[in-house]
Amino acid sequence: MGGVEVGAKESSSGSGQKRSGVSRGVALLDFILRLVAIIATLASAIAMGTTNESLPFFTRFIRFRAKYNDLPTFTFFVVANSIVSAYLVLSLAFSIFHIIRSGGAQKSRVVLIFFDTGMLALLTAGASAAAAIVYLAHKGNTRTNWFAICQQFNSFCERISGSLIGSFGGIIVLILLILISAATLSRR
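Residues in the sequence shown are numbered from 1 upward in steps of one, following UniProt numbering.
Just so you know, not all the hints are guaranteed correct.
Unchecked claim - Label pairs and their in silico Cβ distance ranges:
1. A148 - S186: 42 to 52 Å
2. A182 - L35: 14 to 24 Å
3. T117 - I32: 14 to 24 Å
4. D70 - L35: 28 to 38 Å
5. P72 - V110: 28 to 38 Å
6. S186 - S155: 45 to 55 Å
What the hints assert, rightly or not - Only pairs whose alpha carbons sit at most 25 Å apart, straight line, appear in this in silico SDA-like list of lysine to any residue:
7. K107 - L35
8. K107 - G25
9. K139 - G49
10. K139 - Q151
11. K139 - G169
12. K107 - I96
13. K107 - G118
14. K107 - S186
15. K139 - I165
None of these hints come from the bench; they were simulated from the model.
By construction, the Cβ of each residue, glycine as well, lies at the ideal position given by its N, Cα and C atoms.
Taking the hints into account, I'd like the entire structure generated from these sequences.
In structure tokens form, the structure reads like this:
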């Protein structure tokens, strides 16, 4: 009967090592996804923040110009992406902590879920508001006499559309981060 107890102890310690390895792998995935989200949100903020285009009108001295800060929605988009990007850089410390110490990091995971959810809401608000303006820039609205400007300002529209793609990619990564943290907490 003593041999059975020893065998049970050995199998439970093997299971603990397996669980620790899985937790470390999940923590590493969390770190990599945070890096991807940083790149996506920072690139979106930079792309939108540096977007401008000027076109001549009748003469070369009179010009029409389109710049991101002409619309407060795009300014909000840049600020939201910048805030989320800065948060993600700071959250890398927690992610590294989870890699080093895979067990007993439940409280820090709860904190990350809380802040990740807040950043997801901020990023979604900024990207959604900017998406509405980008749609108007591409399609216009004849009922309200808002003309589509993308026929004239091609470069401007391409950059703001690309910036939106990066931001929505960041949203998807944040959703994955929240789901990974929640799944890790539910396993314990």
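How the hints compare with the structure:
At about 48 Å, the beta-carbon gap between A148 and S186 stays in the expected band of 42 to 52 Å. In this structure the supplied range 14 to 24 Å holds for A182 paired with L35, their Cβ-Cβ distance being about 20 Å. A C-beta distance of roughly 20 Å is found between T117 and I32, which places it inside the suggested range of 14 to 24 Å. Range check, D70 to L35: Cβ separation about 33 Å, and the 28 to 38 Å hint holds.
The hinted range of 28 to 38 Å is satisfied by P72 and V110, whose Cβ atoms lie roughly 35 Å apart. The given range of 45 to 55 Å is respected by S186 and S155, whose C-beta atoms sit roughly 47 Å from each other. For the suggested pair K107 and L35, the alpha carbons sit about 22 Å apart, so the restraint of at most 25 Å is met. Note on K107 and G25: the hinted pairing holds, with a Cα-Cα distance of about 19 Å set against a maximum of 25 Å.
Distance hint between K139 and G49 is fulfilled; the C-alpha atoms sit about 22 Å from each other, no more than 25 Å. Between K139 and Q151, the direct Cα distance comes to roughly 10 Å. Compliance with the 25 Å bound is thereby established for this hinted pair. Restraint check for K139 and G169: satisfied, since their Cα atoms lie roughly 23 Å apart, inside the 25 Å limit. Annotation: proposed proximity of K107 to I96 holds, straight-line Cα distance about 15 Å (limit 25 Å).
Distance restraint check for K107 and G118: the Cα-Cα separation of roughly 17 Å lies within the 25 Å cut-off, and the hinted pair is therefore satisfied. A distance of roughly 13 Å separates the Cα atoms of K107 and S186; the hinted pair therefore holds under the 25 Å criterion. With a C-alpha separation of about 18 Å, the suggested pair K139 and I165 falls inside the 25 Å cut-off, and the hint holds.
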